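K.L.:
Given next are the chains, with one letter for each unit.
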Amino acid sequence: MIVRTYRQEDLQYLIRLYNHTLAESPHFIRDENFLKYFMHCQGVNEDSIFVASVNDQIRGLAILSITTEEGGLKQGNIMELQAQDVSSVHVLIQATLNYCKGKDVDTIVVVPPRLPGANVVFKDWLKLNTGVMMAKALSLSSLLQALLSNEKIRIFFVGKKKKIAFQIGDDIIKVGNIDGGTKEPAILVIMSPQTFLKIVFGQVSPYMAYLTRRVRVRGVRNALPIVKLLCMMKLSIPLYVSLADRI
Amino acid sequence: MNKKKPQIPIKEIATRPYEPGDEAQILDFLNLCYGEWGTIQKWCARYTNYPTFNKDNVVLMEVDGEIVGHGGTHFRDFIVRKRKLYTASLTDAAVHPRYRGKGLYASLVDIRLKLARSRGACLVFTWHLKGSDPYNHNKKIGFIEVKQFPVYMKVIRPEKVIKSGLFDLLHKNQRLKETLWELGIDLFFCLGKFKFSTAELLSRVDKKLRKDRGKVEIVLDKNSLFIMANFRGMSKLKRIATLIMLILLRRMKIRFSSFKALLNLARKVVAIMESI
Numbered sequence: 001m002i003v004r005t006y007r008q009e010d011l012q013y014l015i016r017l018y019n020h021t022l023a024e025s026p027h028f029i030r031d032e033n034f035l036k037y038f039m040h041c042q043g044v045n046e047d048s049i050f051v052a053s054v055n056d057q058i059r060g061l062a063i064l065s066i067t068t069e070e071g072g073l074k075q076g077n078i079m080e081l082q083a084q085d086v087s088s089v090h091v092l093i094q095a096t097l098n099y100c101k102g103k104d105v106d107t108i109v110v111v112p113p114r115l116p117g118a119n120v121v122f123k124d125w126l127k128l129n130t131g132v133m134m135a136k137a138l139s140l141s142s143l144l145q146a147l148l149s150n151e152k153i154r155i156f157f158v159g160k161k162k163k164i165a166f167q168i169g170d171d172i173i174k175v176g177n178i179d180g181g182t183k184e185p186a187i188l189v190i191m192s193p194q195t196f197l198k199i200v201f202g203q204v205s206p207y208m209a210y211l212t213r214r215v216r217v218r219g220v221r222n223a224l225p226i227v228k229l230l231c232m233m234k235l236s237i238p239l240y241v242s243l244a245d246r247i
Numbered sequence: 001m002n003k004k005k006p007q008i009p010i011k012e013i014a015t016r017p018y019e020p021g022d023e024a025q026i027l028d029f030l031n032l033c034y035g036e037w038g039t040i041q042k043w044c045a046r047y048t049n050y051p052t053f054n055k056d057n058v059v060l061m062e063v064d065g066e067i068v069g070h071g072g073t074h075f076r077d078f079i080v081r082k083r084k085l086y087t088a089s090l091t092d093a094a095v096h097p098r099y100r101g102k103g104l105y106a107s108l109v110d111i112r113l114k115l116a117r118s119r120g121a122c123l124v125f126t127w128h129l130k131g132s133d134p135y136n137h138n139k140k141i142g143f144i145e146v147k148q149f150p151v152y153m154k155v156i157r158p159e160k161v162i163k164s165g166l167f168d169l170l171h172k173n174q175r176l177k178e179t180l181w182e183l184g185i186d187l188f189f190c191l192g193k194f195k196f197s198t199a200e201l202l203s204r205v206d207k208k209l210r211k212d213r214g215k216v217e218i219v220l221d222k223n224s225l226f227i228m229a230n231f232r233g234m235s236k237l238k239r240i241a242t243l244i245m246l247i248l249l250r251r252m253k254i255r256f257s258s259f260k261a262l263l264n265l266a267r268k269v270v271a272i273m274e275s276i
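These protein sequence lines are chains A and B, in that order. Position 200 of the first sequence, counted from 1, bears residue number 200 in the numbering used here, the numbering being contiguous throughout. Position 159 of the second sequence, counted from 1, bears residue number 159 in the numbering used here, the numbering being contiguous throughout.
Accuracy of the hints is not assured; some may be wrong.
The calculated lysine-lysine pairs, modelled on BS3-like cross-linking and capped at a C-alpha distance of 30 Å, are [claimed, not checked]: (1) 74/A - 193/B; (2) 238/B - 253/B; (3) 36/A - 147/B.
Keep in mind that the hints were calculated from the coordinates and are not lab data. This structure is a prediction, so every number in the text was calculated from the model and none was measured.
Chain A with its partners taken away, still in its complex shape (with noise of 0.2 Å):
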């Protein structure tokens, strides 16, 4: 394996080594426009920027920034770094901390990338909380469609003649057997905003929330598959949020 600076060409590999790697977890965009906005962020050189390849396949990233912080703290920022596999991130760390040597940096931040077995490789770094993410829903039809997409959920609704209402705050959003033709009443649950992305982000157990009544289900015989399907709904890993997604 073998540790270079970023060329041009690279960029269509990037996004493909993106869209695998981050193909389970949650993420901001990471497309053409994003990726070369991450490579002109103030203090990366187009030395910083480092790619991992075997035989000329990439198999990982990382954006360094250098910048000057609060009390004249010399600060590297790997912006960006995303790898196939362990030994990928354990090179662009080892080029990186090589950098940052050179340039007399104090400290070095990152978030590293979701991979068994990553940890060893940050095993005398310290774990930072830094500061808390907040969300607010807006708009819940578009981001419970969303949601509805896995294939988990696909499946649930094959054979279920019955149509779904959710009442989140002030919002119907109606799924299910829509077109079915079935006079059959919706199964109606209700929940506030805040529950609902709470149990989206897992931060309540949709069970917990049905017993404190948090979710309100019509009909008793119906509250177990609802249950089942919040469940489904949930996104079981966390957010990726890199250090450049946090303007």
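Since the structure of chain A is provided, determine the placement of chain B on it from the hints.
P.N.:
The following block gives chain B in isolation, referenced to the frame of chain A:
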């Protein structure tokens, strides 16, 4: 007793989007609010160079032509289960110290939420220190905490990291800044051979005035950094408990130059603990 904070009459505050040429004034304002926010290049990299930038994305509040409020919005897609969701991120909210506690931050959030809604964003994100005023305000208006991947830090020069952390803490906590300044003693932090004073951090060095003042040294152990690293993200109670623990574990020692200095510090210790 009416606890509601006094509101500035709306007509006094003009709200407008960013216009080219505002950069220098915005920078002066952000550096005043954040202590050391950065340079014009940093602001331009964050805003005008951003792929989805539009001048409406930066909201400015003015009183008689002086900027008293700033709030940024970044629009981008968020990918969930291979579907794109249009989202907005609220960034760099700042209110002039003179106008704090008057509801300007709430207006800044409200304006940007309306902007996000009008552009079709379905989710809004923001980042705050847990327990801070913006965090509490946003929690009240329906924001929830979201789990994200952790940040890791490799410390090469611990002394510089501690100095920067203290600088940041002081400049974001006006009350603590004032309390430390009114102490009547010179407070020094020592880590190995490295030594710096709070006056240096507050950029208020005036040797003539401070000649007869007592001196207190807080000597930090190198291992204290592992405990201090997350100080900013702690609640007030946890911060106090951490400081006490550091003293008990002898990772932090306090040295006094005179009995007067000890008395001065003892007198103000409650005020420091309250504002920390």
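K.L.:
All hints are to be evaluated individually against the structure, with a verdict given for each.
P.N.:
Each hint tested on the structure:
no. : hint          : result
1   : 74/A - 193/B  : 19 Å, holds
2   : 238/B - 253/B : 19 Å, holds
3   : 36/A - 147/B  : 27 Å, holds
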